[in-house]
Amino acid sequence: MQLPPAVHARLAGGPGAAEPLPVERSPKAGAVPFRFTARQVRFPREHEFFEDGDVQRHLYLQDVLTQVAGAPERPRVPEFTCQVAGCCQVFDALEDYEHHYHTLHRNVCSFCKRAFPSGHLLDIHILEWHDSLFQILSERQNMYQCLVEGCTEKFKTSKDRKDHLVRRHLYPADFRFDKPKKNMSPATPRATVQVSAEALGAEGEQVEGDAMEVCSEPAGERHTAGRRIPPTICFGQGASRGFKSTKKRNKHQ
Amino acid sequence: MWLRRQGCLRPAGCGVEELRRRRREREAALRKARREQQLISKRLLRDDAPEEGEGGCVAVILGQAEIQQFLQLAQRGTEEKERGRALVSLRRGLQHPETQQTFIWLEGSMRTLVGLLTSNQALLQLEAARCLHELSHSEQSAVAEACLPATSYLLTYLSGHSSDFISPHVTVLEALGYALSQLLQAKEAPEKIIPSVLGSTLPQHMLQLLQPGPKLNFGVAVEFAWCLHYITCSQVNNALLITHGALSTLGLLLLDLAGAVQRTEDAGLELLACPVLRCLSNLLTEAAVGAVGEQMQLRDERVVAALFILLQFFLQKQPSLLPEGLWLLNNLTANSPSFCTSLLSLDLIEPLLQLLPVSNVVSLLVLTVLCNVAEKGPAYCQHLWPGPLLCSLLGTLAFSDTEVVGQSLELLQLLFLYRPEAAQAFLQQSGLQALERHEKEAQLQDRVHALQQTALHS
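In order, the protein sequence lines correspond to chains A and B.
Using UniProt numbering, you'd call the opening residue of the first sequence number 1 and step up by one each time.
Using UniProt numbering, you'd call the opening residue of the second sequence number 1 and step up by one each time.
Simulated from the structure, these hints should not be mistaken for lab results.
For clarity, every value in this text was computed on a predicted model and none was experimentally measured.
Certain hints may be false.
In silico SDA-like links for lysine to any residue, alpha-carbon gap of 25 Å or less [unchecked claim]:
hint	chain 1	residue 1	chain 2	residue 2
1	A	Lys28	B	Leu427
2	B	Lys440	B	Cys391
3	B	Lys187	A	Lys28
4	B	Lys32	A	Glu48
5	B	Lys192	A	Arg45
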């Protein structure tokens with residue numbers, strides 16, 4: 001099938017619609033015994049028109065899923081350490097390091113050192129936790145915005161927002177993106193090594209109690225040495241947290 | 001991830017012929033299953049999977065206590081490898097339907113899995129994604145449904161990273177898209193699942209993942225494009241999708257695909273092109289299209305250029321997708337003088353005619369599109385003749401398929417009506433003889449006679 005060069009040129013050009021030629025129909029067009037009418041067509045799910053494409057899709061899935069079920073091949077490299085100050089995590093696969101860096105060091109709050117899954121969530125965190133104006137404004141208007149991008153709802157309290165996330169966006173019922181500012185008292189400061197399976201910033205949620213709460217102790221309120229978890233063990237979850245700072249954040253690049 | 005791995009799986013000692021034979025068998029089995037409305041049976045996806053690739057992995061039934069044990073180990077184990085192995089064991093168990101059931105009814109299990117899907121350790125995230133895959137294979141919709149509540153949360157978490165192409169995140173996103181696509185194929189999906197999906201912010205998330213540009217991940221886009229297809233062809237509330245800008249997003253994606261084809265990056269592009277074409281075609285039929293603002297509609301002439309580049313690609317690589325591409329062309333041109341004009345001004349009539357010999361289905365669609373153009377009147381037919389069209393029509397009149405011939409007759413009527421000189425040329429090129437052959441055919445005879453009269457009186 002030969003395409004004229006104009007086609008490729010047009011694709012590369014700017015958006016726009018063609019100025020239509022004048023339309024002029026005769027009543028004889030498509031009249032009996034003829035029957036043509038220009039008409040859009042829609043096909044429902046089970047229509048046989050989709051058979052070929054569906055079969056191709058499933059062939060592809062069969063191939064892929066067989067591979068997914070297999071063991072992952074993970075190229076190994078000589079061990080190396082994360083270079084971020086205070087982080088001593090060791091890796092022997094680049095993929096793991098890349099993942100570690102992006103999850104723990106990329107969107108970090110420069111006040112409290114908490115790491116967040118995305119720039120968006122980091123921005124919200126800074127606004128709500130480190131902006132002195134926020135508390136004042138939130139007394140008068142709804143300031144807690146929904147965390148789901150595309151949803152424009154705002155709420156009076158973070159609890160209201162949480163309820164909205166659970167009800168409207170089907171978040172898990174015990175899910176918490178933000179931490180309540182009241183203090184939790186953990187039984188003992190556990191080594192947090194084993195409990196950091198959760199997403200950070202997605203703070204909390206699946207594991208009851210634990211390192212999240214230990215880590216989230218406000219620095220200004222509990223200075224007991226035994227309770228402060230050194231950052232190195234906390235996988236960068238952040239031991240100290242500044243309050244109400246008006247410094248501009250400094251996003252890691 | 002998907003495509004990088006394609007071609008890595010070659011059972012040892014398997015010749016090319018053997019592979020082709022197996023593929024033909026698999027294809028035949030899938031066709032049969034689809035006709036029996038069984039294609040969504042997840043079982044089929046695993047039936048042919050040979051044990052070779054898995055190293056003797058056998059599905060094991062796990063009890064509640066064992067599942068709990070594996071989950072705890074995965075969550076709180078001291079060593080990453082140990083935690084990973086726990087998930088591998090869990091996954092093997094999840095290949096069995098009984099284990100799947102036990103899993104979803106176990107309190108906190110989904111929650112734990114979701115937590116692992118957002119783990120800050122790559123290995124755990126990957127293994128958790130594999131577990132999600134297993135769950136989404138379940139025949140029992142309750143299992144797949146159990147995955148749904150986490151989706152919005154996971155997408156919020158993961159889409160913040162989509163620009164980083166972090167492999168485990170991408171894997172989880174693909175797994176999620178795949179799980180969702182399985183869910184959306186369930187028989188009860190249109191009544192139960194699709195309305196709640198449409199009522200959430202999932203459609204916006206999905207469309208975001210389909211935006212062309214540097215952030216687009218192909219494997220992820222494929223899964224979510226299929227999700228969108230299952231939603232749109234169920235026709236629950238397509239108007240809503242249009243208000244979210246689905247038409248313009250998918251239109252831009254189509255342009256992107258055509259661009260990729262031009263750069264000959266064709267590794268599996270048809271996997272994404274297919275659902276995109278289907279969504280566009282179905283969405284265009286919605287009345288809502290006329291009701292939304294300019295930028296939400298699909299008017300860009302470049303879409304026609306892109307579509308033809310894709311048709312050319314299909315002709316070479318995947319002819320079975322030609323009908324789907326032509327279906328979109330029909331829906332674009334049927335009610336649009338502008339798109340019909342584009343076909344003419346971009347000189348696309350001749351390329352269209354080159355598709356006629358491919359198959360009866362393709363011929364029929366090509367002729368329908370040409371009728372869409374011709375029925376707009378004399379200004380359009382002026383560009384159809386003189387030209388190669390008449391000769392092609394004399395060719396299609398020789399086809400044995402009644403529908404193809406019938407559509408040729410429709411086109412001739414329009415051509416003769418708006419461009420009478422064409423009728424004379426038709427006569428001179430032995431058109432009457434071409435018509436005579438169908439005089440006895442019940443479905444065609446009235447139209448044949450009418451045309452014979454018109455031609456003779458021209």
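Worksheet item: Lys440 (chain B) and Cys391 (chain B): Cα distance at most 25 Å?
Response: holds, 23 Å
*Hinted pair Lys187 (chain B) and Lys28 (chain A), Cα distance within 25 Å*: violated, 45 Å
query = Taking only the CA atoms, is the gap from Lys192 (chain B) to Arg45 (chain A) under or equal to 25 Å?
reply = holds, 16 Å
So if I understand the rule, the pair passes when the alpha-carbon distance is 25 Å or less; does Lys32 (chain B) with Glu48 (chain A) pass?
holds, 12 Å
Check: Taking only the CA atoms, is the gap from Lys28 (chain A) to Leu427 (chain B) under or equal to 25 Å?
Finding: holds, 21 Å
When each numbered hint is compared with the structure, a violation occurs for hint 3 only.
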